[in-house]
Amino acid sequence: KIPKGFLKDSVEVLKLSHNKLSGEIILFEEEHYFYSMLMELLLDNNQFTGEIEQGFRWLQNLWLLDISNNRLSGVIPSWIGELPVLFALLLSNNSLEGEIPISLFNTSTLSLLDLSANRLSGEIPPHVKSSKPLVLLLQDNNLSGVIPDTLLMNV
Numbered sequence: 001k002i003p004k005g006f007l008k009d010s011v012e013v014l015k016l017s018h019n020k021l022s023g024e025i026i027l028f029e030e031e032h033y034f035y036s037m038l039m040e041l042l043l044d045n046n047q048f049t050g051e052i053e054q055g056f057r058w059l060q061n062l063w064l065l066d067i068s069n070n071r072l073s074g075v076i077p078s079w080i081g082e083l084p085v086l087f088a089l090l091l092s093n094n095s096l097e098g099e100i101p102i103s104l105f106n107t108s109t110l111s112l113l114d115l116s117a118n119r120l121s122g123e124i125p126p127h128v129k130s131s132k133p134l135v136l137l138l139q140d141n142n143l144s145g146v147i148p149d150t151l152l153m154n155v
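The opening residue of the sequence shown carries number 1 in our numbering; numbering runs sequentially from there.
Calculated from the structure, these hints are not laboratory results. Model, not experiment: these values are computed from the prediction. Where a beta carbon is used, it is the ideal one built from N, C-alpha and C, also for glycine. It is possible that some hints are incorrect.
SDA-like, lysine to any residue: derived pairs with alpha carbons at most 20 Å apart [claimed, not checked]:
# : residue 1 : residue 2
1 : Lys20     : Leu42
2 : Lys132    : Glu97
3 : Lys15     : Leu90
4 : Lys132    : Thr109
5 : Lys132    : Trp63
6 : Lys15     : Phe56
7 : Lys15     : Gly55
8 : Lys15     : Lys132
Per label pair, the in silico range of CB-to-CB distance [as the list claims (entries may be wrong)]:
#  : residue 1 : residue 2 : range
9  : Asn19     : Ser144    : 30 to 40 Å
10 : Asp149    : Thr49     : 20 to 30 Å
11 : Glu97     : Ser22     : 13 to 23 Å
Work the whole structure out from these sequences, hints included.
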């Protein structure tokens, strides 16, 4: 776990990519990290397990979250699309399952969404409101249905 107070003050970028870190990603136990200065969190290419935990939701300045290439499981929480400045979300090559939350398509800031190589199922949300170009990577999942017309408007 990242120690209490570690991200509270001046850490803007935390990159722990390409290591052999394991266990659950437990960032915070309280919402006092709401004022964290963290803008980039890169934990990709490790051996983290468990689900995407609630602590990420308090990172209100976070614009890049990369937790790809780990062993994460569970569903993608809908609140992740409510992070106010999130620009890039990379969750590829995990074991995430369930449907893609519509909140990921209703954000005005997200420009890169990589959910490839997971176990996602169901349809791509049909009422997406993508108002700007979006790099969307969904290959190697179990998705079904049709590609929403609204998603193709900015291709």
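Hint check:
no. : hint                          : verdict
1   : Lys20 with Leu42              : holds, 14 Å
2   : Lys132 with Glu97             : violated, 27 Å
3   : Lys15 with Leu90              : holds, 14 Å
4   : Lys132 with Thr109            : holds, 9 Å
5   : Lys132 with Trp63             : holds, 16 Å
6   : Lys15 with Phe56              : holds, 15 Å
7   : Lys15 with Gly55              : holds, 17 Å
8   : Lys15 with Lys132             : violated, 28 Å
9   : Asn19 with Ser144: 30 to 40 Å : holds, 36 Å
10  : Asp149 with Thr49: 20 to 30 Å : violated, 38 Å
11  : Glu97 with Ser22: 13 to 23 Å  : holds, 21 Å
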